[in-house]
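Which chain is which? The protein sequence lines are F and Z, in order.
Under this note's numbering, the residue at position 56 of the first sequence is numbered 56, and the numbers go up by one with no gaps.
Under this note's numbering, the residue at position 60 of the second sequence is numbered 60, and the numbers go up by one with no gaps.
Simulated from the structure, these hints should not be mistaken for lab results.
Since the model is a prediction, treat every value here as computed from it, not as a measurement.
Do not rely on the hints blindly, as some may be mistaken.
[Said to hold, decoys possible] Lysine-lysine pairs mimicking BS3-like chemistry, simulated, CA-CA at most 27 Å apart: (1) Z:Lys291 with Z:Lys222; (2) Z:Lys31 with F:Lys281; (3) F:Lys450 with F:Lys610; (4) F:Lys461 with Z:Lys10; (5) Z:Lys193 with F:Lys281; (6) Z:Lys328 with F:Lys190; (7) Z:Lys274 with Z:Lys304; (8) F:Lys160 with F:Lys192; (9) Z:Lys321 with F:Lys428; (10) F:Lys586 with F:Lys97; (11) Z:Lys146 with Z:Lys132; (12) Z:Lys321 with Z:Lys274; (13) Z:Lys274 with Z:Lys222; (14) F:Lys422 with Z:Lys328; (15) F:Lys612 with F:Lys101; (16) F:Lys567 with F:Lys557; (17) Z:Lys222 with F:Lys281; (18) F:Lys441 with Z:Lys10; (19) F:Lys230 with F:Lys146; (20) F:Lys281 with F:Lys441; (21) Z:Lys232 with F:Lys281; (22) Z:Lys6 with F:Lys461; (23) Z:Lys222 with F:Lys461; (24) F:Lys461 with Z:Lys31; (25) F:Lys192 with Z:Lys328; (26) Z:Lys328 with F:Lys230; (27) F:Lys73 with F:Lys97; (28) F:Lys461 with Z:Lys193; (29) Z:Lys31 with F:Lys441; (30) F:Lys428 with Z:Lys328; (31) F:Lys97 with F:Lys557; (32) F:Lys73 with F:Lys557; (33) Z:Lys328 with F:Lys194; (34) Z:Lys132 with Z:Lys31; (35) Z:Lys6 with F:Lys441; (36) F:Lys422 with Z:Lys291.
[As the list claims (entries may be wrong)] Computed footprint of chain Z on chain F; a stretch qualifies when at least three of its residues, placed anywhere within it, have a C-beta under 8 Å from a C-beta of chain Z: (37) 231 to 240; (38) 272 to 283; (39) 306 to 318; (40) 418 to 430.
C-beta: ideal position from N, C-alpha, C; glycine also.
The primary structure of each chain is shown beneath.
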Amino acid sequence: MSSSVDKELESVVIRFAGDSGDGMQLTGTQFTNAAALFGNDLATFPDFPAEIRAPIGTLAGVSGFQIHFGSTKINTPGDMSDVLVVMNVAALKANLKGLVKGGVIIANSDGFDSKNMRLANVPEDQNPLTDGSLAEYDLKVIDVTKITRAALADSGLGTKEIDRCKNMFVLGLIYWMYHRSMDSSIEFIKSKFKKNEAVMTANLKVLQAGWSYGETTEMFANRYTVAPAKMNPGVYRSIMGNQAAALGLVSASVKSGLPLFYGTYPITPASDILHELSRHKNFNIKTFQAEDEIAAICSSIGASFGGNLAITGSSGPGIALKGEAIGLATMLELPLVIVNVQRAGPSTGLPTKTEQADLMQAYFGRNGECPVVILAAQSPVDCFNMAYEACRIALEHMIPVFFLSDGYIANGSEPWLFPQTKDLQDIKVEFAPERGNNDDKFMPYLRDEKLSRPWALPGTKGLEHRIGGLEKQNVTGNISYDPNNHEQMVLLRQEKLDRVADYIPLQTMDNGPETGDLLILGWGGTYGALKTATAILRGEGLNVSHAHLRYINPFPKNLGEILKGFKTVVVPELNNGQLVKIIRDKYFIDAIPYNKIQGLPFMSTEVVNKIKEILA
Amino acid sequence: METIEKLTSKDFASDQEVRWCPGCGDYSILKQVQTVLPDLGRPKEEFVFISGIGCSSRFPYYMDTFGMHSIHGRATAIATGLKATRPELSVWIITGDGDSMSIGGNHFIHMLRRNPDVNVLLFNNQIYGLTKGQYSPTSEQGKVTKSSPIGSVDYPFNPIALALGADATFVARTLDRDPKHQQAVIKRGYEHKGTSMVEIYQNCNVFNDGAFEVYTEKGTKKENILLMENGKPLIFGANDDKGIMLDGFKPIIVNLADVSANDLWIHDETDLVKATILSRFYDDPTHPDHKPRPFGVFYVNSNKNTFDELFNNQMDAAMAKGLGDLDKLIAGNETWVVN
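Work the whole structure out from these sequences, hints included.
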């Protein structure tokens, strides 16, 4: 029996890494669920290659999943991992630099044989498990493949199927190390393989074998406990960003009383929104997988004309194709939500890696003067809020709205103190009423106090009218080539967008006072890293505040006031400086850009160092 | 049953001045559509005309119905989204050869394969008119235009063959200069459940004048037009003196002096193979052995479910038990409580 000693930790970062086919994403999400159910706060970061099955054993094929869980507030998946699980030498090579010195390495020795060494381009005589190069780490070598095969020798399964259970051994062992209940994973396996009992039994057996291995060997001197976090009371669930976005859209549909139409074309990392929505037809959710990105948005425009809550979703390359149709929606002044789950570009770029480089595309990426409302989610959970907001604004203002997410928060997960639908803000929609023969002629571009025009559905008596991409006369909507009318219409469309500022919340400070030496002004998915960095900086006595923008066009009305209150404003972004240009232009302040363009999120330590450098 | 006030063609004319060039074939098509619609027995608010870009695409502005003049090539996609969500509407797509065969080619074929119950009027003038005269994807090879001063090297698309290849369920051809034929074909297209694709030969008297004159002028038309009528033999010629026979899969022209009309090819709209052969009667009319150009309905398939039906059947089945419980959906399967 193991004589391990329990140690209490505040938080832990574990990184699971292996070949794309090793099931590391599944292992990670299973552990995430267990940690969430236990009551830890957490954040996760799946990091996988664009290829579904890159060449086995190579660096290009390494797939990773990082989870940061703790008994305190967790804002990010962690800068460095404390524990690194590697299924082969390529996974070690790719991830060692992200492991803290002295950290634990759990290595599957079978993945370090001569074939794997060759595939990972590691010279035969430099096997890291034996050459002493890992001396400053706590190295645990286990032949996971051999144990798994032994455990399933009598299972009747083939070697290939048996080897696919290896990840369950690792999961069982990590459950043992952190005193986690395996119940949620047992339930998961039972349900996932209910049609294949042999595979179900095998997975359960190997999961148990992993646990028992920790229990019976002398390899592990310590087991760890991480107490539940002190979180706001209430009922929680775990959620990923794309899933949250989909639920936000469904909620807006239900609350507005309108059927939802989602016209889209598959693209990484946005497709999961389609997958989620397509399962919820019983909420009057219609999904349409179009022949291309242009048809996706155009079908949505058709659905919006017909009175649906219309949404199109994509990532940067697809948004580029939708540009002309976004312009059309702006001219038609119909409600439309455009979801962009950003990924690293330009062109195909790094499809599975995160970036915030589509802000200018959202702002300016169309011909002519074509302002579009822009909202950005700051965390996986916030995808729910901002997707909902995007629908609310689109419907209430008859205007296209961009909802920006990114690959990092789209695939990341965190606990969610989810709302009750009765507490969600109402969404008020009115269609133009039918008219009789004695009524005045219907005016499709007659505006209300928000400057929005009536939503007049085909099929409504007396509302026959034509809309289109040609410039139109205000009020009547007839084609007009009048020079002054065109200028008036351009200004009206801008003013209509500007007035949205009267219907969104004022900017708040996330941390620190509204005046001071330095303001960290962020937007989108960098929220967690900036929040942690600000807490560290303030903890060290520095006069630093953090505000995070979620409403980017128009900005909250008080943003200018806030910016004036600081000697220095720093704008960290995962791009080559986009928001910072808009801020400088609009508020005439010498905001300092801080950029990272590596397809990876910020580490809080990087931000801390950069801010200190600026303050020095 | 509620009686619908009988509408007239005037009821379908909007108050906007029609701005096509004088003599344009589009006028005739507008007139025929405005003539047909009152006979369909539907209130006018149920009609929606969606167009792309091009001369023909100004059409919706002149109709006092719901309409959208959208962007180049995309009317098909917009109409698909509208019809999917509002299947009770009568949705019409107005497009041209550039709009549907070139920039919108992808949406065109995908709409046909899906088969939403919409009506396509494809104004084919074999030229880019709105951009002032460049060769189009249906222009004949060798066409001299502003953008092809020594002749275009591109082979033309055959819209009828393309539509049949994309599994269209209603494929027909008519022409601007024959109002009665046009009205009859448009009406049949409307009555078809599924996408009806009606190609209309339309003269652009400014940039491609006379493109179809062999099919419209008294002296030549009877020799060059094959009017297809379901269940009737394929007969043409100045004195109705010629017919088409099939020798295996090979169509041959015969003289009715030698062959009885009963032995001719009897047109069968439901026969895809024969419709495909007819669609390939696409020779250059100046070629000595050319076959006459067929007009009328090539093919009808009434057995294919429409996209809007299938799409909404799934919705109806999912919604049969009423709207889902949103609070349950948001909570998901696994929750925990923090006190």
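Results for each hint:
1. Z:Lys291 with Z:Lys222: holds, 12 Å
2. Z:Lys31 with F:Lys281: Violated, at roughly 42 Å.
3. F:Lys450 with F:Lys610: Violated: lysine 450 of chain F and lysine 610 of chain F sit about 42 Å apart, past 27 Å.
4. F:Lys461 with Z:Lys10: Status holds; Cα separation ~17 Å.
5. Z:Lys193 with F:Lys281: Roughly 25 Å separates the two Cα atoms, so the pair holds.
6. Z:Lys328 with F:Lys190: holds, 23 Å
7. Z:Lys274 with Z:Lys304: holds, 19 Å
8. F:Lys160 with F:Lys192: holds, 19 Å
9. Z:Lys321 with F:Lys428: holds, 26 Å
10. F:Lys586 with F:Lys97: Distance of about 41 Å is beyond 27 Å: violated.
11. Z:Lys146 with Z:Lys132: holds, 8 Å
12. Z:Lys321 with Z:Lys274: Given pair lysine 321 of chain Z, lysine 274 of chain Z is violated - Cα atoms ~47 Å apart, limit 27 Å.
13. Z:Lys274 with Z:Lys222: Holds: lysine 274 of chain Z and lysine 222 of chain Z sit about 22 Å apart, inside 27 Å.
14. F:Lys422 with Z:Lys328: holds, 13 Å
15. F:Lys612 with F:Lys101: holds, 24 Å
16. F:Lys567 with F:Lys557: Within the cut-off at roughly 20 Å; holds.
17. Z:Lys222 with F:Lys281: Roughly 55 Å separates the two Cα atoms, so the pair is violated.
18. F:Lys441 with Z:Lys10: OK: lysine 441 of chain F and lysine 10 of chain Z at ~17 Å, within 27 Å.
19. F:Lys230 with F:Lys146: violated, 41 Å
20. F:Lys281 with F:Lys441: It is violated: about 38 Å lies between the C-alpha atoms, which goes past 27 Å.
21. Z:Lys232 with F:Lys281: violated, 48 Å
22. Z:Lys6 with F:Lys461: OK: lysine 6 of chain Z and lysine 461 of chain F at ~15 Å, within 27 Å.
23. Z:Lys222 with F:Lys461: violated, 46 Å
24. F:Lys461 with Z:Lys31: holds, 23 Å
25. F:Lys192 with Z:Lys328: holds, 22 Å
26. Z:Lys328 with F:Lys230: Holds, at about 25 Å.
27. F:Lys73 with F:Lys97: With a Cα-Cα distance of about 25 Å, the restraint between lysine 73 of chain F and lysine 97 of chain F holds, given a limit of 27 Å.
28. F:Lys461 with Z:Lys193: holds, 24 Å
29. Z:Lys31 with F:Lys441: Roughly 24 Å between the alpha carbons, so the hint for lysine 31 of chain Z and lysine 441 of chain F holds.
30. F:Lys428 with Z:Lys328: Between lysine 428 of chain F and lysine 328 of chain Z the Cα gap is close to 23 Å, so the pair holds against 27 Å.
31. F:Lys97 with F:Lys557: violated, 44 Å
32. F:Lys73 with F:Lys557: Violated: lysine 73 of chain F and lysine 557 of chain F sit about 30 Å apart, past 27 Å.
33. Z:Lys328 with F:Lys194: This hinted pair holds, its Cα atoms lying about 24 Å apart.
34. Z:Lys132 with Z:Lys31: Holds, at roughly 24 Å.
35. Z:Lys6 with F:Lys441: holds, 21 Å
36. F:Lys422 with Z:Lys291: The hint is violated at about 70 Å.
37. 231 to 240: Per the Cβ count (9), the hint holds.
38. 272 to 283: holds (count 4)
39. 306 to 318: Check passed, 4 qualifying residues.
40. 418 to 430: Satisfied; 4 residues make the cut.
Going through the hint list in order, the structure does not satisfy hints 2, 3, 10, 12, 17, 19, 20, 21, 23, 31, 32, 36.
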